[in-house]
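Visitor: Each protein sequence line maps, in turn, to chains A and B.
So in our numbering, spot 222 of the first sequence is number 223, and the numbers just go up one at a time.
So in our numbering, spot 131 of the second sequence is number 415, and the numbers just go up one at a time.
Think of the hints as simulated: they come from the structure by calculation, not from any bench.
Everything hinted at is true.
Here are the simulated SDA-like pairs of lysine to any residue, each with C-alpha atoms no more than 25 Å apart in a straight line:
{"hint": "1", "chain 1": "A", "residue 1": "K238", "chain 2": "B", "residue 2": "Y619"}
{"hint": "2", "chain 1": "A", "residue 1": "K223", "chain 2": "A", "residue 2": "Y183"}
{"hint": "3", "chain 1": "B", "residue 1": "K297", "chain 2": "A", "residue 2": "N480"}
{"hint": "4", "chain 1": "A", "residue 1": "K428", "chain 2": "B", "residue 2": "H616"}
{"hint": "5", "chain 1": "A", "residue 1": "K235", "chain 2": "A", "residue 2": "N537"}
{"hint": "6", "chain 1": "A", "residue 1": "K433", "chain 2": "A", "residue 2": "A454"}
{"hint": "7", "chain 1": "A", "residue 1": "K238", "chain 2": "B", "residue 2": "E617"}
{"hint": "8", "chain 1": "A", "residue 1": "K158", "chain 2": "A", "residue 2": "F198"}
{"hint": "9", "chain 1": "A", "residue 1": "K428", "chain 2": "B", "residue 2": "Y619"}
{"hint": "10", "chain 1": "A", "residue 1": "K286", "chain 2": "B", "residue 2": "K603"}
{"hint": "11", "chain 1": "A", "residue 1": "K597", "chain 2": "A", "residue 2": "M615"}
{"hint": "12", "chain 1": "A", "residue 1": "K428", "chain 2": "B", "residue 2": "E617"}
{"hint": "13", "chain 1": "B", "residue 1": "K603", "chain 2": "A", "residue 2": "E425"}
{"hint": "14", "chain 1": "B", "residue 1": "K606", "chain 2": "A", "residue 2": "S283"}
{"hint": "15", "chain 1": "B", "residue 1": "K475", "chain 2": "A", "residue 2": "A463"}
{"hint": "16", "chain 1": "A", "residue 1": "K436", "chain 2": "B", "residue 2": "V330"}
{"hint": "17", "chain 1": "A", "residue 1": "K597", "chain 2": "A", "residue 2": "V613"}
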Amino acid sequence: MAEDQQKISKTTEEVDVVTIRFAGDSGDGMQLTGSQFTNNTAIVGNDLSTFPDYPSEIRAPAGSLAGVSSFQIQFGSQNIYTPGDTLDVLVAMNPAALKVHLKDLKINGLLLLNSVNYTPRNYKLAGWESNPLEDKTLKDYRVAEVNMSELVANSVKDLNLSPKVINRSANMFALGFLYYMYDRNLDSTIDFITAKFGKYPDLAEANRRSLKAGYNYAHTIKIIRTNYRIPKAKFKKGTYRNIMGNQAVSFGLVAAARKAGLELFYGGYPITPASDILHYLSGFKNFGVKTFQAEDEIAGVMSTIGAAYAGDLAITATSGPGMALKTEALGLAVSVELPMVIINVQRGGPSTGLPTKTEQSDLFQAVLGRNGEAPIPVVAAQTPAHCFDAAYEACRIALEHMIPVILLSDGYLGNGSEPWRIPEYKKLPEIKTHKKTDPEDFLPYRHDEKTLARPWVVPGTANMEYRVGGLEKSEGTGNVNYTPENHQLMTELRQRKLDIIADSFPPVVPFGNSSGELLILGWGSTFGAIRTAVENALAKGLSVGHVQLTHLNPFPKDLGEVLGKFKQILIPELNMGQLQTLIQGKFVVKTEGLHKMKGVPFTQSDIYNKMVEMLKGLA
Amino acid sequence: MNEVKTKPAALSKKDFISNQEVRWCPGCGDYAILSQVQKIMPELGVPRENIVVISGIGCSSRFPYYMNTYGFHGIHGRATALASGVKLTNPELSVWVITGDGDGLAIGGNHMIHLLRRNLDINILLFNNEIYGLTKGQYSPTSELGKVTKSSPFGSIDYPFNPPQLALGAAGTFIARGIDREQKHLQGLLKHAHTHTGTAFVEIYQNCLIFNNGVFSHLTEKEVKAENVLVLEHGKPMIFGKNEDKGLRLNGSHLEVIQLDGKTSHDHVLIHDETNKIQALLLSELTYLKDFPTPIGVFYHQDVETYDHMMIKQIDYAKEQKGEGNIEALFHEGYTWTV
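Extracted from the complex, chain A is given alone in its bound form:
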């Protein structure tokens, strides 16, 4: 690929795992650079996990700390469960990016800087007292200080492009640089550039040349004496693609609708970080998907209830504050016993909180946050790829039991990506609905013995006209009924309907030790950090087990038994102990919590260190 003569001797080394973070101004194209590197990584067959972290401001002031956008990827030849703790390489396009992210770079790690942005004005704006390139700030790192903009400008002299366009192409230089470092082929990105800038040949050419200039530059400079090759990861047999969490949710919904023989309706209002679900689904119109961008969160969920009443697989998605607005409607959904899935892609709260940062603090809201006794099943996704399974499972429960189901994802899962082993559609579990068109013996609130589902009779079905609403109903006829005995009966019925859902859950089998000193009990997106930490602990001979819950309401029936087999239980959560409280309310066990409220996921060392502390003197 590189045409230059090799000027210094270079070697290629094999390594297992690498973590890279691209960081720059929100206008520097770091998300695009990161996703290009990710696709390329998938192509070489490494396992990977990514974490995009961007500001909520669309364009914060240039060069400011608030405007720093980053994209992290960990990739390797072994199982990768997290985007990584500390960095082997940090790309810092400006002093603000350096200021925010330098603390995560390993000692002797590689720092790639676009020196043109390290002006007095910029480093002062980022809060550096003197130029970090000139003082001792970077003495512990290997620094590649490159005037990317100038090098790009030289390579595109003949194209007569504006300095702005040239600067914007610097991200491709950084990408090319890293492609050299990790012994990559440029083709996937060149194809991407050609497709993306097809209408602007000069721009396409500038980006291509910038990419190649970065590649060749890395090849020639002294600081890069070695480039690295990461062997292919050992994947389970199958066909894979890279997938983001919100995308996987959308796929799961479309697949579930098809499997159940239903059309998919989505009613929702845009909100970060859930909007991508609406974006994906609105592109699936050829699957018959109906997307309704409502005037607000309430109309989003109400139109969803309407769609469920009329017979579609009805979905709405939102994030915490939007979930709060939907709360009253969720009570109605429980009362009318209609199937639908309400997705909460959680973000930092309270209130508007941290719109683009991740958190798990809406578990109480999902399980408990309604007036009256209003039990709703809660399913949580664990990884970006698992979002597919979790969405499919949520639809299955909703349709088989005629009940609204909450699916919890979060910003980290929604925007994060990893390889997904593509399932065979025909092998996905069957989903049966309770649609009924036979008027014989029809009662709208007569419940099926096994599932406690009521019949799903949709408008348009002759001779079965019935009324439904939010007032308490008689079992059987569904007529309004306020009598004391009936309310007791219906309240217990709705609770029992929730409880029996657990009959279909697989048994809880801890990873690692199935009994012993310490169980790590997690839920949702903490899966990766916990699993990595537990694998490390097991490798060191510690007696630990790991259970990651997908079903949070109801809990699996054998969970209490499993908990009882461990002397200590650690529950790490990105909240102040919500699962811990639910567990201790349900089971007589002592647990310890680990709480992180920083808007970022756990690192494996957060978990590992806590485990070691709890096992002190036992190892």
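Fit chain B to the supplied structure of chain A, relying on the hints for placement.
Guide: Frame of chain A; chain B shown alone:
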């Protein structure tokens, strides 16, 4: 839905009466409206199973329980959003929203204007009694300024909404007003609303016997109503009065009342054109004006492509362009690798 379709026997009003006991206060205007709706339903040519009546919360919102059709008693203010989901799921359905001045214009005001602007093929019947009935007598968004109620002992300091004007402002495509006591007229309006393709907004003045009795008596009492009500008819002059001796004339950009006493010719009287939006706006302005009659009938009517129709078209277009969605192909699009 059924495998064997036989021609259904002709339906009558009683086929639309449910087995539930009606629980409005004796003498409530809601009874009259319910009766008119049940009366016109068999004449619409719509199979009963294709009719869905959807409401929010309030006295009028008990309506669906009394109709022997599909029905959904929703939550406060949200009937229009609920109805949108029903209609988009099955555009074949004839969807009727029953709401009130509180449900539709206060708590549900936002959903109301957005349904009007989107123009889904849904009929909205807004029962306006200018008071909160179910919560026992507070002023509503249509109560007049100064209204003394339980929550406004010194008089309300809220300016009221003007419903037809609000609907016009929200780009409504069918805007009408009826009165509970004008039963024949109301039947005509309901049928007209049904035939309109798009959102039909029908405000119905409705007497609340308990908390706001007589608020529309000037429009309903035999002795005075002819002097106070202007019945709008498309293509007909705007004449009113016991002796049909008054008319509306356009003077500059205002309407004025003229006496048709022989000196002023009938030729000066404005002819109602329900497709004229500016005229509809002028007529809506009369809602609260003391020296003018109150218009009833269709203020405005314009056929515009509906949201539901455009949605179906878009789905058909996508299928035509991309082919019927293939799940396996979707899963495998982009770069894949096999191990």
